[in-house]
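2 protein chains.
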Amino acid sequence: MATGRTHRPATRSRGIPEATVARLPLYLRALTALSERSVPTVSSEELAAAAGVNSAKLRKDFSYLGSYGTRGVGYDVEYLVYQISRELGLTQDWPVVIVGIGNLGAALANYGGFASRGFRVAALIDADPAMAGRQVAGIAVQHSDDLEKIISDNGVSIGVITTPPGVAQQVCDRLVAAGVTSILNFAPTVLSVPDGVDVRKVDLSIELQILAFHEQRKAGEEHEGTAAPAAPHHDSDEQGPDGDVPAVMPA
Amino acid sequence: MATGRTHRPATRSRGIPEATVARLPLYLRALTALSERSVPTVSSEELAAAAGVNSAKLRKDFSYLGSYGTRGVGYDVEYLVYQISRELGLTQDWPVVIVGIGNLGAALANYGGFASRGFRVAALIDADPAMAGRQVAGIAVQHSDDLEKIISDNGVSIGVITTPPGVAQQVCDRLVAAGVTSILNFAPTVLSVPDGVDVRKVDLSIELQILAFHEQRKAGEEHEGTAAPAAPHHDSDEQGPDGDVPAVMPA
DNA sequence: ATGTCTTTGTGAACGCGTGCACAAAGATGG
DNA sequence: CCATCTTTGTGCACGCGTTCACAAAGACAT
Chain R
1 MATGRTHRPA TRSRGIPEAT VARLPLYLRA LTALSERSVP TVSSEELAAA AGVNSAKLRK
61 DFSYLGSYGT RGVGYDVEYL VYQISRELGL TQDWPVVIVG IGNLGAALAN YGGFASRGFR
121 VAALIDADPA MAGRQVAGIA VQHSDDLEKI ISDNGVSIGV ITTPPGVAQQ VCDRLVAAGV
181 TSILNFAPTV LSVPDGVDVR KVDLSIELQI LAFHEQRKAG EEHEGTAAPA APHHDSDEQG
241 PDGDVPAVMP A
Chain A
1 MATGRTHRPA TRSRGIPEAT VARLPLYLRA LTALSERSVP TVSSEELAAA AGVNSAKLRK
61 DFSYLGSYGT RGVGYDVEYL VYQISRELGL TQDWPVVIVG IGNLGAALAN YGGFASRGFR
121 VAALIDADPA MAGRQVAGIA VQHSDDLEKI ISDNGVSIGV ITTPPGVAQQ VCDRLVAAGV
181 TSILNFAPTV LSVPDGVDVR KVDLSIELQI LAFHEQRKAG EEHEGTAAPA APHHDSDEQG
241 PDGDVPAVMP A
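Top to bottom, those sequences are chains R and A.
The first sequence begins at 1 in this note's numbering and counts up one residue at a time.
The second sequence begins at 1 in this note's numbering and counts up one residue at a time.
One thing to keep in mind: the hints can contain errors.
Repeated chains share a single entry, so a pair holds when one copy, or any two copies, can fit it.
Derived lysine-lysine pairs resembling DSSO-like cross-links, with alpha carbons at most 27 Å apart [stated by the list, open to error]:
1) Lys218 <-> Lys149
2) Lys218 <-> Lys60
3) Lys149 <-> Lys57
4) Lys149 <-> Lys60
If you are wondering where the hints come from, they were derived from the structure by calculation, not from laboratory data.
Can you make the complete structure from the sequences, with help from the hints?
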């Protein structure tokens with residue numbers, strides 16, 4: 001995970017724990033791979049190994065969905081694929097808009113994972129007039145002036161923000177006002193949204209810093225010297241005011 | 001968040017809880033913004049609001065680092081920036097390699113967040129001979145034949161994998177064998193690594209599916225009809241064998 | 001110096017998530 | 001029909017993370 005985790009605090013939606021929901025896509029991916037190899041059934045042990053989790057955890061996760069297994073045999077792959085897909089809401093079509101077509105936005109637009117599994121890129125939106133009309137991943141980029149109309153015309157409820165951090169909150173506000181209730185945020189900003197709107201963030205910078213922490217732990221542990229100076233040197237090299245950086249997010 | 005979270009199971013490194021480590025980058029970002037506005041001190045309440053967390057949680061987090069605040073006043077911004085940076089290991093230089101220079105790899109190479117905060121893109125690596133020598137973000141792409149040499153010559157310990165999922169495990173194995181001990185994985189694959197190697201994954205597809213789950217919950221709840229058919233229709237539209245997709249990850 | 005006011009640091013309780021370990025259930029063979 | 005074997009589903013205990021609530025600590029004014 002990426003990931004960060006900023007959405008519903010501790011609300012368990014209809015008995016399915018949040019931690020379980022976060023693992024269902026993992027199971028689904030492993031099951032889809034088995035399905036493509038025409039494997040009919042799979043045991044919790046095998047599937048758990050494929051998904052990289054504990055088998056007891058997997059069984060408990062599935063128990064929240066219902067009793068879909070057969071003791072002594074395992075789980076029917078096709079049936080489970082369908083059940084999980086349905087539970088995750090992937091049997092319906094989810095139109096998605098991407099706002100901010102820089103390097104990252106373009107990469108996501110080209111991302112094959114959108115097309116499969118019910119997600120469909122309904123529109124690409126950018127504030128730069130020079131971008132409007134250009135084709136990215138076979139889709140014409142539209143200007144952000146038309147954001148509200150695009151959202152309502154397409155019935156979009158999921159938005160992806162890949163803008164510079166300085167404008168992320170404004171974009172978010174407009175998306176929410178237009179009817180979007182789920183946001184995937186790639187900009188390094190804390191978004192504030194009204195109740196009922198889910199935000200998940202993906203933050204490369206944070207992931208790297210967490211890795212660096214553990215890396216330092218692994219490498220260090222012998223030379224615990226170098227006391228802290230009283231006047232720290234403020235290590236960011238002052239690369240201009242925040243909020244007007246290229247297209248992908250700065251630290 | 002993002003991300004998913006697959007690294008150290010429950011090991012608390014020297015008393016700092018994993019959950020706290022994951023929030024330190026958030027605090028650091030908020031503090032850096034304050035620092036740029038020359039704000040001298042900040043209270044736990046203000047800083048918590050800026051970072052989007054509970055103030056009690058923030059105070060407890062900081063208490064693991066030591067007593068850096070002043071009662072009745074708050075925290076010294078500059079001092080705290082330094083302390084957190086040091087704790088996260090950001091006062092040293094971390095050379096990073098990116099393997100797989102497709103759309104996403106290129107986007108990350110251009111990502112400003114690398115340059116600041118101690119991270120430096122030491123090399124870009126791709127398996128395609130046609131890519132070798134081309135400049136991406138001002139850095140020459142090198143062929144993956146030289147992966148081991150690049151790692152050891154630059155003393156790289158952090159690797160970023162943005163390859164198609166079919167080759168992610170091989171790339172991972174080679175990175176680890178060459179000395180990399182922290183991996184940020186963007187490929188939708190479960191990587192298996194030996195003990196002592198940290199893996200964090202960022203998975204767009206999983207994040208979207210989690211959003212879809214909650215979105216379905218919000219929208220539904222009234223028409224709980226449409227019983228499950230016995231023979232599910234296997235909704236992925238069979239877009240070819242897994243493992244040979246463009247450059248960014250499929251579902 | 002003393003009192004008041006603000007804000008930190010933390011003890012304690014609670015809830016969620018994880019993993020063990022086993023009983024129940026069904027398949028399979030004789 | 002019965003015995004055996006495999007695998008699920010889950011009760012239970014434990015540990016981590018979160019939050020409340022308050023005592024301790026310092027700033028500041030008088």
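Tested hints:
no.: 1; hint: Lys218 <-> Lys149; result: between (52 Å within a copy, 22 Å between copies)
no.: 2; hint: Lys218 <-> Lys60; result: between (34 Å within a copy, 25 Å between copies)
no.: 3; hint: Lys149 <-> Lys57; result: neither (44 Å within a copy, 41 Å between copies)
no.: 4; hint: Lys149 <-> Lys60; result: neither (44 Å within a copy, 45 Å between copies)
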